[in-house]
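Chain by chain, the residues:
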Amino acid sequence: MLTTRILTLVLTCLFFNSFVSNTDCRAQSTTQTIAEISPKVVKIFGAGGGKNLYAYGTGFLVSPQGHIVTVWSHILDSDTVAIVLNDGRRYEGKVVGFEPPLDLAVLKIEAEGLPYFDLSLATGAGPGARVLGFSNAFKVATGDEPVSVIHGVIAAKTTLAARRGAFESPYTGSVYVVDAVTNNAGAAGGVLTTWDGRLLGMIGKELRNTQTNTWLNYVMPISELSETVEQIITGRFQSKKQNDEEGGVATKKKPRSYDAADFGIITIPDVVARTPAYIDRILPGSPAETAGLLPNDLILFVGNDLVQSCQMLKEELGRLESGGQLKVVVRREDKLVTVSMPVAKKVSE
Amino acid sequence: MKSRVALLSLLVGVIAMSEGGLFAAEADVLQAQQNRTEVVKRAAPTVVAIFSPDGNGGGSGVLISADGYALSNFHVTSACGNFMKCGLNDGVLYDAVIVGYDPTGDVALIKLLGRNDFPFAKLGDSDAVSAGDWTYAMGNPFLLATDFQPTVTFGMVSGVHRYQYPAGTFLEYTDCIQVDTSINPGNSGGPLFNTSGELIGINGRIAVEKRGRVNVGAGYAISINQIKHFMDQLRGGHVVDHATLGATVRTGSNRTVLVDSILESSDAYRRGLREDDEIISFAGRPIGSVNQFKNILGIYPKGWSLPLVYRREGRKQEIFVELPALHRKSELMQTEGPKAPKPPGPRKPDPKKPEDPKPVEAELPKEETPEEYKKLFVKKTGYANYYFNQHEQQRVQRGLEPFVSWQGSQQSKWVVNGKTADGDNFQIKLLPQALTAQFTKRAPGLQNLEGADFIDEPPGSGGLLAALFQFKLLLSEGKSAFTEFSYRGSQPLDGHGAMVDVLETKKLSVECHWYFSVNDGSLVGFDSSLGDDVDACEVRFQQFSDFQGRHFPSRFQVRYGNNAYGDFEIQTIDVTAANESRN
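Chains as they are written, first to last, in the numbering used here: chain A, 1 to 349; chain B, 1001 to 1583.
Calculated from the structure, these hints are not laboratory results.
Being a predicted model, the structure only gives us computed values, none of them experimental.
Every residue gets a Cβ at the ideal spot worked out from N, C-alpha and C, and that includes glycine.
Mixed in with the good hints, there may be bad ones.
[To be verified] Looking from chain A toward chain B, a few residues come up when the C-beta cut is under 10 Å (computed): (1) T33; (2) P39; (3) R90; (4) Y91; (5) G128; (6) A137; (7) T142; (8) T210; (9) L306; (10) S309.
[As the list claims (entries may be wrong)] The calculated label-pair distances, taken between Cβ atoms and stated as ranges, are: (11) D179/A / E1038/B: 24 to 30 Å; (12) D1054/B / A155/A: 25 to 31 Å; (13) E230/A / R1285/B: 40 to 46 Å; (14) R1255/B / V153/A: 34 to 40 Å; (15) T80/A / K1316/B: 54 to 60 Å; (16) A155/A / K1228/B: 37 to 43 Å; (17) E227/A / A1325/B: 58 to 64 Å; (18) P284/A / P1286/B: 50 to 56 Å; (19) P1286/B / E227/A: 55 to 61 Å; (20) F1154/B / E227/A: 38 to 44 Å; (21) D1533/B / R208/A: 38 to 44 Å; (22) V272/A / R1255/B: 34 to 40 Å.
Kindly produce the complete structure, drawing on both the sequences and the hints.
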């Protein structure tokens, strides 16, 4: 009996020994990995340009036909963005879909036969795994230069505690936290890979904890994004956004709720924590135009509720039910102006 | 029972064997660690902690020669003055003097004093660096090392051949190395080493943004290959300048790079380059974008000739273009002196324009520069430190020693007879009042020396008579014959030949560049130009002989612009003193 136990122990030791050695296998050199990954990462140039509103970003190819995954950000506010490939080829990119709760957008360029990441081959990793980050941080690359690569270690895999007031992020799913400064200006939309080049996740935006003034380098695992990306590409996508108000998973299908555009109101881009709800433009022929709203009006009240930011405007309009009139109070220069618009039935209802 | 004992001992044996694998690191991990500590141990003695004499600034540097030459950033040394204090990891604080600097490339050369056996770093090849390579940055970030023991950080190359737009007035980082190796304020001027401990760059800039002036994963090092091009100019005490093409380029269709506009006064224009020509390669590197072109242009000093291949109407053509200066002399002079104006600050951090990690405050005992060292700094307009130019002049002038027998013959008549390779006989007379050239086939030349301008005589030679007169001045009188005399640095002869040291002379309107082989110090030729923005008469010596005890070139080639003027072979030289009767 004892003999058997000792034998088992001996065998276990031998097995464990060989197991330890095997984990250290190095599939290929870092240079080779970088050479394979770089052509799949693209530089994005779009809207922005002001202080802390850089006009450049990163994305990565997920199909040979030019589908590009990146983060949903102000850079995409312009009608089209410029996409520059690793070899310097320049394309016009169009947004084909986006999902703000996932901080995700999918773009498309008209091209064929491009190198790409097969999302179904993406992998996962745990704390301690060595990783490479690829991004166009600081717009170091503009033309045919490859994006920058940095190295690091996954410090944790956790849920992004994106509380208001601390870390503010629309994304609240699981993330990799990295010990290297992956999340720089323009780096969002870049990729994190394993040491041997397998795709792990998409680098998130810059995220600062306002209480501790620390910055978090987080990466969204591909497993959180791939289904939505797939749906956007195949045209089967419906945003979960409005069903997701409480931060939970969508439980039942509800008709899509209202947003400002339904009334013909386009606000300025919601880029800071409390962007005031200024009207950027009014769509022609819209209820807002009929009601006499003008660009540069600042929306103060929706119904009887004070609206302090674009985000709050979004929330208030999201609660609207069809029918009846919507009362809106705006500040125009030094005057308060009250208008009302009909809340029409939504097409999707 | 026996079997149990046997098994137990087997178990003990296995556990003992497992030690290495189960509880200790892998052998190659330990080996890599040992390699790292060895590189650090070897490199640390070469790393310099730089302080201004009054303790008001600081940065880093690296020794590159046993006699104390060390590289740093211009933005470090400019805050320190002409003399500075340098700490090495032996704990000793050495005096150092500024030698030369490059305000555009943010490089400075200093010389540590007091020893001839300084430990120094070996220069590597920065063109062999690629993304993913490991690097060590060493230096004195935040001036932490009060014992001058450098801080070491380890990281990865994030990108190579990076172009960083000019910040402020001059600073432009071209073809630089981007690293995620932690580089912080105080690291400026310090070395970036590869895994063999070779110097591949000088750490200069970091990307700073809203997070404060600390590393955020993007640092930039000036590539050592760029610095190599400027090294001899820096050693010559110059405020060095970068180059332009005399033409601007633009991106054409299908990622071609085309000449957008070109100055008609430029050498590139005279060599035949025109608007809309497609640039195929420059300095031997293929051109696929405007940034690539700027990158390559940025690593060369003014005055160098470089090969350029262009295509026009489907036909490729290679030319060698001499590069004009990027700045006017007066512009660069603004950077002169100890407290050069920095790009005006405080600037708002801009993610697109990385900042120089500025020197941080240090506290050091205030020490005056010792009296014995004060003679090592000589102020002169256009120079960082003219003392070192004089030093290099003396070194290069040793190449004139074989011609010593010509000294004092400036008032003599030199009559040179011979023939050219195309069967033309010539007689050239260098007389005190005039210079003449007579040929059987070529047009004759006459250059009056009394009050007349130097002109293209004989016609089509670019002023061969004026050139030979300069040669006579150099051999007979030396430095004192010229109104200006300086060491210019080194460059590849004619853009494709071996490296030559260059002495520059000026006498009236004639400017000459004298080329001495870096290899053996011998005089291999010279260019003589009659003014600015015109082609020079190029004389290249091919063979020397002894003419009645006097060393003189017996065969030389003369070129002017795009044409060969002639291959000369000298048969006799008659030298008669001026007061002797004429034959």
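Structure-based check of all given hints:
At a threshold of 10 Å, the smallest CB-CB gap from T33/A to chain B is about 7 Å, leaving the interface hint in force. At a threshold of 10 Å, the smallest CB-CB gap from P39/A to chain B is about 13 Å, leaving the interface hint violated. Hint on R90/A holds. Least Cβ distance to chain B is approximately 9 Å, under the 10 Å limit. Hint on Y91/A is violated. Least Cβ distance to chain B is approximately 13 Å, over the 10 Å limit.
Taking 10 Å as the C-beta contact cut-off toward chain B, the hint placing G128/A at the interface is violated, the least distance being around 14 Å. With a least beta-carbon distance of about 6 Å to chain B, the hint placing A137/A at the interface is held under the 10 Å criterion. For T142/A, the shortest C-beta to C-beta distance to chain B is roughly 7 Å, which falls under 10 Å, so the interface hint holds. Interface hint status for T210/A: violated, as the beta-carbon distance to the closest one in chain B is roughly 13 Å, over 10 Å.
Annotation: interface hint on L306/A violated; nearest CB of chain B at approximately 30 Å, more than 10 Å. With a cut of 10 Å, the hint placing S309/A at the interface with chain B is violated, because the nearest CB-to-CB distance is about 21 Å. Evaluation of the 24 to 30 Å hint for D179/A and E1038/B yields a pass: the beta carbon distance comes to about 26 Å. Distance hint check: the CB atoms of D1054/B and A155/A are about 43 Å apart, inconsistent with the given range 25 to 31 Å.
For the pair E230/A and R1285/B, the beta carbons lie near 43 Å from each other, so the given range of 40 to 46 Å is met. Between R1255/B and V153/A the CB atoms are about 38 Å apart, so this pair conforms to the stated range of 34 to 40 Å. Remark: the range hint 54 to 60 Å for T80/A to K1316/B is contradicted by a beta-carbon distance near 37 Å. Roughly 41 Å separates the CB atoms of A155/A and K1228/B, a value that falls within the hinted 37 to 43 Å.
Between E227/A and A1325/B the beta carbons are some 60 Å apart, a value that agrees with the proposed interval 58 to 64 Å. Taking 50 to 56 Å as the suggested C-beta distance range, the pair P284/A and P1286/B conforms, at roughly 51 Å. The hint said 55 to 61 Å for the Cβ distance between P1286/B and E227/A, and at roughly 44 Å that hint is violated. About 39 Å separates the C-beta atoms of F1154/B and E227/A, a value consistent with the hinted range of 38 to 44 Å.
The hinted range of 38 to 44 Å is not satisfied by D1533/B and R208/A, whose Cβ atoms lie roughly 56 Å apart. Judged by the Cβ atoms, the range 34 to 40 Å given for V272/A and R1255/B holds: they are separated by roughly 38 Å.
Checked against the numbered hints above, the structure violates hints 2, 4, 5, 8, 9, 10, 12, 15, 19 and 21; every other hint is satisfied.
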